[in-house]
Structures are given as C-alpha cells and as structure tokens.
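**Q** Listed here are the chains, written in short residue letters.
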Amino acid sequence: MAPVQAVLEGSAPSARVEDQRAPVVEARDLSLIFQTPDAPVTALSDINLTIRRGDFVSLIGPSGCGKTTLMRVVADLARQTSGTLLVNGGSAEQARLDRAYGYVFQAPALYPWRSIERNIMLPLEIMGMSKAERRERAARYLDLVGLKGFERKFPWQLSGGMQQRVSIARALSFEPALLLMDEPFGALDEITRDNLNVHLLRLWEKTGITVIFVTHSIPEAVFLSSKIVVMSPRPGRILEVIDSDLPTDRDLDARETPEFLEIAHRVRVALRAGHSYD
Amino acid sequence: MTDAVLGGTAVPSVRNRRDRDGAVLPVLTVLAVLLAVWYVAAVWLNAPQVTEKLNRGGTDWGVSELVAGTWAMERPVLPAPHQVAVELYDSVFGRPVTSKRSLVYHAQVTLSATVAGFALGLALGVLLAIGIVHVTVLDRSLMPWIIASQTIPILAIAPMIVVVLGNLGFTGLLPKAIISGYLSFFPIAIGMVKGLRSPDPLQLDLMRTYSATDAQTFAKLRWPSSMSFLFPSLKVAIALSLVGAIVAELPTGAQAGLGARLLAGSYYGQTIQIWAALFMSAFLAVAAVGAVGLVERLLTHLRGGRL
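Quick mapping for you: the protein sequence lines, in order, are chains A and B. Just so you know, our numbering puts 223 at position 223 of the first sequence, and the rest follows in order with no gaps. Just so you know, our numbering puts 183 at position 183 of the second sequence, and the rest follows in order with no gaps.
It is worth saying that the hints were derived from the structure and are not from the lab. Cβ coordinates follow ideal geometry from the N, Cα and C atoms, glycine included. If a hint is listed, it holds; no wrong ones were tucked in.
Lysine-lysine pairs mimicking DSS-like chemistry, simulated, CA-CA at most 30 Å apart:
| id | chain 1 | residue 1 | chain 2 | residue 2 |
| --- | --- | --- | --- | --- |
| 1 | A | Lys131 | B | Lys220 |
| 2 | B | Lys194 | A | Lys153 |
| 3 | A | Lys153 | B | Lys220 |
| 4 | B | Lys220 | A | Lys148 |
| 5 | A | Lys131 | A | Lys153 |
Listing some non-contacts, in silico: residues in chain A with all C-beta distances to chain B over 12 Å:
| id | residue |
| --- | --- |
| 6 | Ile33 |
| 7 | Ser63 |
| 8 | Gln80 |
| 9 | Ser82 |
| 10 | Gly146 |
| 11 | Gly160 |
| 12 | Arg193 |
| 13 | Asn197 |
| 14 | Arg202 |
| 15 | Val241 |
| 16 | Asp253 |
| 17 | Glu259 |
| 18 | Glu262 |
Construct all of the structure, not just a fragment, from the sequences and the given hints.
**A** As structure tokens, this is what we get:
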C-alpha cells in the first residue's frame, strides 16, 4: 500500500498532496436530524469526508456519535436532511440500486431456515445468477472465510464467530467494490475477534476492496485501518481523521510496536478532545 | 472408546424408556378415570327410568339389577362407554361403506366438506394477510370486519348462507365448504399477519441493501418467516373447518354427513347413535390435525430441524 495522504477536506485541502485514487464516498456538509416526539436529535452534523478506492476506513467513537447512522446514509438505509453525499460519483440510492456495496450488520442476520450455502446464495438469487454460478461462488467465499465443509449446516449449528464469517462471505459473494461493516465483531469474544481481524486484514489486502468499518474498539480500529475517523456525540460530528501507515503484512504482534501505540494514542487524544470520556 | 460406545447406547435407551413411561402411563390413568366417571354418571342419569321399569316389573330387585339396567338401555339418557364402542364398531366395520347407516360413509361426506372448507379458508386467510401486511388502507379497513365476522354465532349465520346459496342453485358441498371456510379463515389470517410481519428490521434492511423488489422480499423473507406462525394457525383452522362442516349439515336437512347423523339421532332419541357420531368426529379431528402436524414435521425436516 502506498502511504495514504490525508484527504480530510474542508480544513485545508490546498496544503495537502492530491490523492489520485477515485473517491468512493464523498460527504459534503452532511447533516441528519431525527424528529423525535420531544425534541429533534442531531445525529450527524456537518460531516465532510472523502473515502477513496482501496481505503480501509474505521469510524470510531462512543455510542451515539452517529457512526452507524453515517454508514446507513452511505448505504441508503437512512437519508440526510441536508448536505450532499456521493457514492461512486452518484447518489447513495443509485449505488444501492447498482448493488455497489455489501453490508455486514452487527448481528449475522442469517436466515435460520436456509442452510449456510443457501444463506450465501441469497443475494445471488436476488440478483438473478444461475444456479451453477451461485454454487461456485458460495463454495469460493465459504472457503475464503475458512468455513469450507459447512455448506449443509444451518445457522444455529454454528458459533457466533462462524455465523459472522458466513455473513461476511454473503456480503462478499456478489463481489461489491465497497464493504460496509457495522461493528461486525462487537458481539464476539476477544479471541475470536482478534482472529477475525487478521482474517479481514488479509482479505482486504488480497482483494483491494474499499472497507468502511464501524467500531468502538481503539486497538481494532488501529490494527485494521488505513484511515481512522474519530467521531464525537451530541451532535454527531467528525473530530479528526488520522492516517495510519502500519506495514501491510502486520499481524497481531504489531499491536505492541511503538508505531501502533503512537497511533492508538493519537486516537485516544482525539476522543478525549471530543469529551468522549466525560 | 468403550465409554463412548456405552454412552452412545445408554443415552437413547434411557430416553426411550422415559418416553414410553412418560407417555403411556399418564394417558392410561386419565382414560381409566374418565371411563369410571362415565360409568358412574350413566348409572346416576339413567337410574330414574330403570327404577320405574323395575318397579313396574313387580319382582324384587337390588343394586346389581339397577346397575346392569342402566348400562344396557336402548335409549339411555347417557349411554355406557361399551354401548357407544359397540355402536361405533358396528357402524364403522359392520356395514358396507356405501350404506347410509355406515359412519365411514357419513365421515367421508363431512371430511370432503371439511377439506374443501379448509382450502377456501386457507386461500382467503393468506390472501387477506398478504393484503393487510402490504397495504396500509387494508390494514385499517379490513381488520375490524375480520374480527366482527367471528363475533356472529355460526349457528345463526349458517342457515342463511344455506338458504341464499340454495336460491342461487348451489347445494351440496359448496354451502358446507363456505360455512366451514368462514370459520377457518380467521385463525389463518391472524396468524399470517403476525407471521408476515415477523422479520426483524435487520433482515428487512438486508433485503434493502440487495435492492430486492417487494415480491422478492415477500418470497425470500416474509413468507418463509411466517411458517412458524402458519402451522399453529392451521391446526386450529382445520379443527374449526370440521366444526363448520358439521354445523353446516345441521340446518340443511342434509341426508348425509356426521351433522345429519347427529340430527337424525336426536330426532329419534337415538343417544347411542349420537355419541358414536360424536366420537367419529373427534377421531376425524385428531386425524386432520395430525395430518397438518405431519406436513409441519416434513417442512421442519427440510429446514434442518427448526421451523
């Protein structure tokens, strides 16, 4: 990976080196206000962010900082009240209609009546792929997430970590260029989470896919990301964008290197500046 | 290795013995108690008539004559269990199935109306549920009517349906099936509305990220999700279909069917015949509910053991 130049625009774009890679997500003055019975809640306030092809971007912040909401706006599962958002140069809705992204939810959201294989085939069926193609892809992506041989099993027969890997395989199966992951490992134990983090990192290196990843774990964000977006609540806003250039072939031991700790420290400082620890 | 083998065989055998003991003994106990209560009740209810008859006979009589008399009357207030059993056996196995006195013949007439009514109820219930779940206006406008429909006693509305349809030239199976369907669509509609709405927001969001059409979301998510709600409803519905078919045979002056058999029995004071027909309809209900249960088990098996 080439070192990623900061592309947080709106602050001082002219001072930065121009990044040549195509933007995948561009948010300009994006705001979203939820109307609730008592008072309107500002979930997102003046978000400016550019995510380029091949980035691994983590959105980190405490609960209620709007990181999931921002991702849902990118996925066209929620809509902004003001500002613009471009996904692949078009509207978020167009990107959704083009099936431009795969979405991995906090819970695996597997359909319990479908076997593992048929769960992975679900998006392929909807997209009208032939049966042979569906079979071939299900096998390929099950293998990729290390679950070869589990085709005929049903979701309840798998552990939580395995189920989440199935849901990742399902999101990858139609080969989107953008992967949206909403705290995918939040409900898992730390050992499983570490293991899946390594898996995900290798996958990202291998495929060159763009990933947006929501988390509230600092080590997870630093370990995985090429760019860490630190957010803060009330109103949900971006505090700082931190670029990370850890070696691409890093493993879990990289978390003890000074470089890693230095970036983690910067994230922590940024979170503190946003009163996230109050 | 040995342990594993022993464990492997020991566990199922323990469970089997438990199952057998667990199922058979309580059932037999309850059955014995019910039969005992029934025999006592037969003595109690039939005693006045038998006493009168014995007194008229002039000879001395004791408790044994009284009891024997109450259990062997031709038109008892409450027939003894063995009298019903004999009548049931004779009218099922003792007569050709085409005979008007065969319970198999009557049961088959009622069963065909039940199945036709169940099919009508299933189609109507599912269609209503699909409409209600997908169209807000239908949700607001239809639901009160569906509930109101079930507050009208079926005994009141059945003769009117029969008369109206008879005037239009429809007799026989169709009016019975409609009355039967009128009862059975309700639990299916209610169960399916709940079932089609059962997918959680995450599962629905997933469909949206695939930009699935409403039809695809229905076929691949809503419909399969509703199955665990559909089957309990179907079991209630098929029992109600049978009730509907029997009730529909009462006011029509129908010549055949368990309802007609019940009505004829009460006209002529043939209580034993009434009880035999009642038991026949109970067996029919058990068989019908069991058939639905079989389909449910098959589907559960296809879904890897969970509905």
